[in-house]
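The primary structure of each chain is shown beneath.
6 protein chains.
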Amino acid sequence: MKSMGKKVAVIRREHFNAAHRLYKKGWTDEQNASTFGKCSLPNYHGHNYELEVKVTGAIDEETGFVMDLKLLSDLVSMHVLEELDHKNLNMDVEAFRDLNPTAENIAVVIHDLLRPHIESSLDLFIRLYETPRNYVEYPA
Amino acid sequence: MKSMGKKVAVIRREHFNAAHRLYKKGWTDEQNASTFGKCSLPNYHGHNYELEVKVTGAIDEETGFVMDLKLLSDLVSMHVLEELDHKNLNMDVEAFRDLNPTAENIAVVIHDLLRPHIESSLDLFIRLYETPRNYVEYPA
Amino acid sequence: MKSMGKKVAVIRREHFNAAHRLYKKGWTDEQNASTFGKCSLPNYHGHNYELEVKVTGAIDEETGFVMDLKLLSDLVSMHVLEELDHKNLNMDVEAFRDLNPTAENIAVVIHDLLRPHIESSLDLFIRLYETPRNYVEYPA
Amino acid sequence: MKSMGKKVAVIRREHFNAAHRLYKKGWTDEQNASTFGKCSLPNYHGHNYELEVKVTGAIDEETGFVMDLKLLSDLVSMHVLEELDHKNLNMDVEAFRDLNPTAENIAVVIHDLLRPHIESSLDLFIRLYETPRNYVEYPA
Amino acid sequence: MKSMGKKVAVIRREHFNAAHRLYKKGWTDEQNASTFGKCSLPNYHGHNYELEVKVTGAIDEETGFVMDLKLLSDLVSMHVLEELDHKNLNMDVEAFRDLNPTAENIAVVIHDLLRPHIESSLDLFIRLYETPRNYVEYPA
Amino acid sequence: MKSMGKKVAVIRREHFNAAHRLYKKGWTDEQNASTFGKCSLPNYHGHNYELEVKVTGAIDEETGFVMDLKLLSDLVSMHVLEELDHKNLNMDVEAFRDLNPTAENIAVVIHDLLRPHIESSLDLFIRLYETPRNYVEYPA
Numbered sequence: 000m001k002s003m004g005k006k007v008a009v010i011r012r013e014h015f016n017a018a019h020r021l022y023k024k025g026w027t028d029e030q031n032a033s034t035f036g037k038c039s040l041p042n043y044h045g046h047n048y049e050l051e052v053k054v055t056g057a058i059d060e061e062t063g064f065v066m067d068l069k070l071l072s073d074l075v076s077m078h079v080l081e082e083l084d085h086k087n088l089n090m091d092v093e094a095f096r097d098l099n100p101t102a103e104n105i106a107v108v109i110h111d112l113l114r115p116h117i118e119s120s121l122d123l124f125i126r127l128y129e130t131p132r133n134y135v136e137y138p139a
Numbered sequence: 000m001k002s003m004g005k006k007v008a009v010i011r012r013e014h015f016n017a018a019h020r021l022y023k024k025g026w027t028d029e030q031n032a033s034t035f036g037k038c039s040l041p042n043y044h045g046h047n048y049e050l051e052v053k054v055t056g057a058i059d060e061e062t063g064f065v066m067d068l069k070l071l072s073d074l075v076s077m078h079v080l081e082e083l084d085h086k087n088l089n090m091d092v093e094a095f096r097d098l099n100p101t102a103e104n105i106a107v108v109i110h111d112l113l114r115p116h117i118e119s120s121l122d123l124f125i126r127l128y129e130t131p132r133n134y135v136e137y138p139a
Numbered sequence: 000m001k002s003m004g005k006k007v008a009v010i011r012r013e014h015f016n017a018a019h020r021l022y023k024k025g026w027t028d029e030q031n032a033s034t035f036g037k038c039s040l041p042n043y044h045g046h047n048y049e050l051e052v053k054v055t056g057a058i059d060e061e062t063g064f065v066m067d068l069k070l071l072s073d074l075v076s077m078h079v080l081e082e083l084d085h086k087n088l089n090m091d092v093e094a095f096r097d098l099n100p101t102a103e104n105i106a107v108v109i110h111d112l113l114r115p116h117i118e119s120s121l122d123l124f125i126r127l128y129e130t131p132r133n134y135v136e137y138p139a
Numbered sequence: 000m001k002s003m004g005k006k007v008a009v010i011r012r013e014h015f016n017a018a019h020r021l022y023k024k025g026w027t028d029e030q031n032a033s034t035f036g037k038c039s040l041p042n043y044h045g046h047n048y049e050l051e052v053k054v055t056g057a058i059d060e061e062t063g064f065v066m067d068l069k070l071l072s073d074l075v076s077m078h079v080l081e082e083l084d085h086k087n088l089n090m091d092v093e094a095f096r097d098l099n100p101t102a103e104n105i106a107v108v109i110h111d112l113l114r115p116h117i118e119s120s121l122d123l124f125i126r127l128y129e130t131p132r133n134y135v136e137y138p139a
Numbered sequence: 000m001k002s003m004g005k006k007v008a009v010i011r012r013e014h015f016n017a018a019h020r021l022y023k024k025g026w027t028d029e030q031n032a033s034t035f036g037k038c039s040l041p042n043y044h045g046h047n048y049e050l051e052v053k054v055t056g057a058i059d060e061e062t063g064f065v066m067d068l069k070l071l072s073d074l075v076s077m078h079v080l081e082e083l084d085h086k087n088l089n090m091d092v093e094a095f096r097d098l099n100p101t102a103e104n105i106a107v108v109i110h111d112l113l114r115p116h117i118e119s120s121l122d123l124f125i126r127l128y129e130t131p132r133n134y135v136e137y138p139a
Numbered sequence: 000m001k002s003m004g005k006k007v008a009v010i011r012r013e014h015f016n017a018a019h020r021l022y023k024k025g026w027t028d029e030q031n032a033s034t035f036g037k038c039s040l041p042n043y044h045g046h047n048y049e050l051e052v053k054v055t056g057a058i059d060e061e062t063g064f065v066m067d068l069k070l071l072s073d074l075v076s077m078h079v080l081e082e083l084d085h086k087n088l089n090m091d092v093e094a095f096r097d098l099n100p101t102a103e104n105i106a107v108v109i110h111d112l113l114r115p116h117i118e119s120s121l122d123l124f125i126r127l128y129e130t131p132r133n134y135v136e137y138p139a
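These protein sequence lines map, in sequence, to chains A, B, C, D, E and F. Going by numbering that gives the first Met the number 0, the first residue of the first sequence is number 0, and it counts up by one from there. Going by numbering that gives the first Met the number 0, the first residue of the second sequence is number 0, and it counts up by one from there. Going by numbering that gives the first Met the number 0, the first residue of the third sequence is number 0, and it counts up by one from there. Going by numbering that gives the first Met the number 0, the first residue of the fourth sequence is number 0, and it counts up by one from there. Going by numbering that gives the first Met the number 0, the first residue of the fifth sequence is number 0, and it counts up by one from there. Going by numbering that gives the first Met the number 0, the first residue of the sixth sequence is number 0, and it counts up by one from there.
Worth flagging that the hints you see were computed from the coordinates, not collected in a lab. Do not rely on the hints blindly, as some may be mistaken.
Said to hold, decoys possible - Result set (DSS-like, lysine-lysine): computed pairs, CA atoms no more than 27 Å apart in a straight line:
hint	chain 1	residue 1	chain 2	residue 2
1	A	Lys6	A	Lys69
2	C	Lys6	D	Lys6
3	B	Lys24	C	Lys6
4	F	Lys23	F	Lys37
5	F	Lys23	E	Lys5
6	C	Lys23	B	Lys23
7	A	Lys24	F	Lys5
8	D	Lys69	D	Lys5
9	B	Lys23	C	Lys6
Claimed, not checked - To spell it out: a stretch of chain B is covered by chain A in this simulated footprint if at least three of its residues, at any positions, have a beta carbon under 8 Å from a beta carbon of chain A; those stretches are:
hint	segment
10	80-88
11	111-121
Note that the Cβ used here is the ideal one computed from N, Cα and C, for glycine as well.
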């Protein structure tokens with residue numbers, strides 16, 4: 000069958016809601032405010048994060064799948080959404096104890112949460128929308 | 000000119016980001032958790048709220064406008080976004096001091112913030128998306 | 000609290016996938032083809048139906064909800080998606096045994112499946128997207 | 000068949016591209032600039048207009064349609080898009096010879112172009128997006 | 000002229016509707032059900048497939064086009080949509096006689112249907128949305 | 000901190016409205032019409048251009064940003080939107096004096112307007128939607 004073994008990317012889109020503020024420990028409030036503006040306001044704000052997880056590899060000859068997107072969705076729920084959804088990223092999430100929860104850093108954290116659970120023969124790529132007009136991609 | 004005086008609705012879409020939690024004062028934590036689930040987690044979560052403001056009235060013979068959408072956008076910025084954007088609704092916004100910031104209640108609050116600034120001959124309607132899949136409309 | 004008792008609409012968006020063909024029993028194949036075109040091809044085609052369910056009523060003083068959207072989502076899953084998702088509407092769904100599964104008819108069927116499970120004091124409205132460019136609303 | 004005769008709305012979404020400027024004949028350039036801002040710049044700008052045409056009526060017992068959306072799409076192409084698509088509204092379209100092509104006025108013009116071609120027993124409603132954040136509805 | 004000869008990608012988005020089921024010939028019904036879940040139900044389900052076709056090459060000095068998107072749209076209609084739109088992929092489409100119509104395989108089939116009709120100096124890339132939340136890309 | 004120095008892309012989405020026509024100087028009207036069709040009509044048409052600007056580089060250790068998206072947005076406003084928004088591309092924009100304003104050419108022009116204002120260590124990529132179904136990417 001002609002498509003077998005061809006390299007394809009499969010993408011699953013998920014979402015989660017979280018609160019955060021941009022804030023660098025060790026900086027004064029003035030430094031934080033001048034660098035991060037409204038995003039640094041002390042009582043947090045939040046986002047509907049839209050998350051795309053892309054897995055790239057060869058089509059499996061048996062199933063016609065690179066990876067079952069239902070399984071990928073379950074892995075994202077278990078290892079990413081369970082950790083981040085409806086949370087305060089600064090206060091509730093271990094990975095951001097000393098890391099500013101910018102979209103860039105959140106994308107790297109999500110990648111690292113998920114990477115151990117995806118077969119090593121498959122490539123992993125993260126796209127994260129913080130708003131409909133601001134988003135990031137990792138690795139780039 | 001044939002369209003003059005015809006009744007038309009004009010709609011402006013804006014957005015803001017905010018943190019909140021659903022929480023009824025006077026209820027125990029268990030009551031809040033059983034009613035509001037993850038939305039009641041203590042450290043807040045957040046949303047990209049998409050807000051549609053609809054104003055209905057007759058087309059003005061001079062301008063061809065029901066209302067200048069640039070002006071409507073400015074009024075929303077000044078009276079609504081200034082109050083809610085990048086805020087913690089529970090902690091920072093007077094209107095939610097004793098009011099649970101459900102999407103329903105936020106829509107009513109936005110309506111009441113904006114109503115005094117729209118000409119009384121024009122009708123006002125609010126549509127508020129809390130997530131791409133959950134939204135509310137007021138008045139209904 | 001000022002928003003209590005105000006009438007608000009709450010909307011939940013869900014989706015399902017199904018196959019169908021437009022076909023009137025008792026008509027010849029030629030009649031069906033000339034009326035329904037490609038939509039009448041014998042081996043079925045399908046759609047990602049996007050479904051919006053709107054419930055309208057007064058804000059509850061205790062919760063600030065018209066209706067918990069999580070509960071509404073569960074009711075739609077149980078009474079609508081369970082019946083229609085990943086099905087062949089013509090072959091698998093009792094309601095379409097003698098009813099052409101046009102978008103109009105599907106919207107009425109969904110309304111009637113859900114109506115008994117929504118409190119009678121609340122109004123129910125269905126919006127159904129058959130494609131991003133074709134959709135229907137009931138009641139109108 | 001239970002859905003027969005029920006009143007349903009069917010909506011078809013189309014789009015067209017056009018140039019325009021907001022400009023009131025008889026006003027000075029200064030008056031136009033102060034009222035319409037950048038929208039009044041002399042060499043025109045343009046939009047991807049997204050047009051929704053809603054037709055409301057009873058479900059036909061034979062077809063299960065309120066109105067065939069393929070037919071509605073053809074009528075919009077013939078009577079609206081043929082007139083407006085890839086045109087300069089101010090210079091090329093008779094209806095705007097003495098009418099400022101605001102979104103409000105364009106919606107009324109589209110309604111009046113289409114109304115004679117829709118059965119009189121059916122209601123007609125126009126929603127017109129000038130940008131993703133600015134749109135109008137007629138009748139309201 | 001400074002942009003001439005620069006390499007640019009042009010993308011055209013199309014859509015089609017089709018029915019399918021995921022099913023591997025030679026497997027038992029139990030094997031198919033356990034691997035493909037609801038997607039394997041015997042009477043088919045369907046999707047609104049959104050298809051993006053990307054063609055990459057140098058800007059032509061005469062036209063300013065990499066490739067006329069109107070022509071690309073016509074080629075997609077003729078060689079892809081004609082074959083897949085409003086069809087049952089398993090029953091009606093030769094390419095899936097022995098190939099499971101997963102999104103991955105459909106993307107490869109679309110690529111191979113179109114490749115002979117695109118100039119060999121141009122690269123071809125396919126993105127296929129099976130649902131708004133599940134999509135694939137080929138080649139990856 | 001584990002994400003520091005990792006390479007990430009950050010994307011900002013903006014939009015502008017403009018009029019244009021496709022037209023090659025030195026060609027006859029017939030040549031222009033036969034190559035560019037309705038897009039060559041003499042009185043211009045227009046679009047809501049959606050513009051995505053992608054900047055790729057290492058995460059800054061201090062801020063957690065690749066680049067502040069607020070700053071990127073300001074640079075796009077100042078150097079791109081100021082030049083193109085609400086303009087007639089053919090008549091008002093120096094870059095298109097001798098260059099056909101195809102989407103391909105507009106993307107290259109936008110890239111060249113912005114490139115001098117982005118740090119040289121960062122990569123720059125442009126995605127430009129002329130309509131929701133037609134878009135281009137540069138460099139490809």
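Each hint, compared with the structure:
1. A:Lys6 - A:Lys69: At roughly 19 Å apart (the allowed maximum being 27 Å), Lys69 of chain A and Lys6 of chain A satisfy the hint.
2. C:Lys6 - D:Lys6: holds (24 Å)
3. B:Lys24 - C:Lys6: Between Lys24 of chain B and Lys6 of chain C the Cα gap is close to 23 Å, so the pair holds against 27 Å.
4. F:Lys23 - F:Lys37: Holds: Lys23 of chain F and Lys37 of chain F sit about 14 Å apart, inside 27 Å.
5. F:Lys23 - E:Lys5: Given that 27 Å is the threshold and the Cα spacing comes to 18 Å, the pair holds.
6. C:Lys23 - B:Lys23: violated (54 Å)
7. A:Lys24 - F:Lys5: holds (20 Å)
8. D:Lys69 - D:Lys5: Cα-Cα ~21 Å, so holds.
9. B:Lys23 - C:Lys6: holds (20 Å)
10. 80-88: Since three or more residues must qualify, the claim that chain A covers the segment 80-88 of chain B holds, with 4 doing so at under 8 Å.
11. 111-121: With 0 residues in contact (Cβ-Cβ under 8 Å with chain A), the coverage given for the segment 111-121 of chain B is violated.
When each numbered hint is compared with the structure, violations occur for hints 6, 11.
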